[in-house]
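Colleague: Got chain A sorted already, so can you dock chain B onto it with the hints?
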Amino acid sequence: MLRRNFLKIMISIGFFTNIIIFKKNTKYLKVNNWLVKKNDVNDI
Amino acid sequence: MIYDFLIIGAGAAGLTFIDKLIKTNPKIKIALIEAGNHKTDNLKDYKEIAYQKKKINPVDERRAFLFGGTTNIWGGFCRPLDYEDFISRPDINKNGWPFKIDELDKYLNEAKKILELKANFDNKFNPVEKKTLNDFDLQEIDFDYSNRKIFSKKYKNFENKIDIFFNTIAYKFNIDENNNAIKTIETIDIKSNKKKIFYSKHFILTLGGLETTRFLLNNEKKYKKNYFNQSNTLGIGFNDHPHFYVGKFVSFKDFHKTNKIKDVRYFKNNYKFQIENKILNSSTRLIAIKNPLDTDYELIKDFKNLFPKVKNKINYTGRIMVVSEQFSDPKNKISLNFNNKDKFGIPKMKFEYEINTFDLNTIRKTSINISKWLAESENGRAKLSEWILNENLEPNISDYIWYGHHMGTTRMSENPNKGVVDQNLKIHGLNNGYIISSSVFPSGGASNPTFTIVQLSLRLADYFKNII
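In order, the protein sequences belong to chains A and B.
If you count the first sequence from 1, position 9 lands on 8 in numbering that gives the first Met the number 0, and the numbers rise without skipping.
If you count the second sequence from 1, position 39 lands on 38 in numbering that gives the first Met the number 0, and the numbers rise without skipping.
It is possible that some hints are incorrect.
In silico contact screen, one side only, chain A against chain B (beta carbon under 8 Å); selected entries [said to hold, decoys possible]:
#, residue
1, Tyr27
2, Lys29
3, Asn31
4, Trp33
It is worth saying that the hints were derived from the structure and are not from the lab.
Just so it is clear, CB atoms sit at the ideal spot from N, CA and C, and this is done for glycine as well.
Chain A extracted, bound-state conformation (with noise of 0.2 Å):
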């Protein structure tokens, strides 16, 4: 809970912005240019 409640604190002030975004956009990737599905590119 504790931990839950300090990740949403740490968004609120846009600490991770990044994550939240490619969080949203899991399904799509976007590699040398190309819009891929996620399981289209090999487990990294």
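Modeller: Chain B alone, transformed into the frame defined by chain A:
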């Protein structure tokens, strides 16, 4: 001789208007002034001295001084404007039209008949794709194709019905300042240099989206009153339809077979998507290249190398084109250079034109949205130009195709302080001067303008049916 109507310019607007007027009342006395003739495009001798060239110049080649106007050289693409094009959007500087789409829909079938179109222009959905299109706020749309020279052929016998004066350039109004009415118009014969004056009860400017504005700008300072430019918008807010090749795609199945006419499918973002993303209207073309000789094998190789996990067979490759509505940017404008005149003494035009961040934002978001849909529908995958994905980059000039849809410089508004013509296309400040041209469009949408010009011409002819 005092004519009932004097029409200046024999393009789609002028010819449609005259045709309907004659059908309404065959006794009406009409004169038509045209800078070209049936055979010769006089623009060839005229344009080099009339315009300045720039790197991005939406002018020269897409015009013609010829009976039938630009439709002698056009591609014939037709589509009415969308519902949302008529609505005001202050967040993107879109004034909206002074009426709703219903007002032009009244002339939809009549315009289709003139342009010999079959499409019903209803947004349609392939049932298999309906869900994914909905998920991405996309609509599949229809364009239809009219014919080159359709107007010059259809109306070639007008000479038997009206007086036509070819090779004639109009350059000056004479105005009765007590009655705010145009009395005469002065013209010059291109071949003989002879001047001639025409008298008429009504004057209709149908010179096209550039020459109409040029004519008014040249006349603006000749009178004590400000008849044309009380709003200070004359020449301001020029817009075109920038066309960009934004990327390529590989297809996993033949998703173009739904379109039997050509290997192109057309899409647009719905109104909700436009609002949520603060973008203008736009349309997307997915152009299939099915001839194996033209297949982009480098693209296929690139895809297979990067994504070996994807085992789908690649059917064909293709290109993605996005056509954007343009932000009404006051910096985009036409003005006159009074120190640099053509051989008839008419000042040359000066252009200031650029594609701004709202236009680019529209093109970028539209490109990404269609690419996501391609992936989600499993129709294929898209590779976009780097400048689409990186907002810090300028667009590749080689991806850009200027289009020559000249709009917005004599805008329509009910408020004389915001536009040049009212909703009946009458010039604010004059009792008998009218404009039919894409220059009156308050916003240009993402459809080619000729269909709307034809609808406006029919509507104005209808308007006169009630007052003459």
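Colleague: Hint tryptophan 33/A vs chain B: min CB-CB distance below 8 Å?
Modeller: holds (5 Å)
Colleague: Given asparagine 31/A as an interface hint, is the shortest Cβ-Cβ distance to chain B below 8 Å?
Modeller: holds (6 Å)
Colleague: Restraint: lysine 29/A near chain B, CB-CB cut 8 Å. Satisfied or not?
Modeller: It holds, given that the least Cβ distance between lysine 29/A and chain B is near 6 Å, below 8 Å.
Colleague: Checking hints one by one. Is tyrosine 27/A an interface residue toward chain B, by the C-beta closer than 8 Å rule?
Modeller: Holds, because the Cβ-Cβ distance from tyrosine 27/A to chain B comes to roughly 6 Å (cut-off 8 Å).
The structure shown violates none of the earlier numbered hints.
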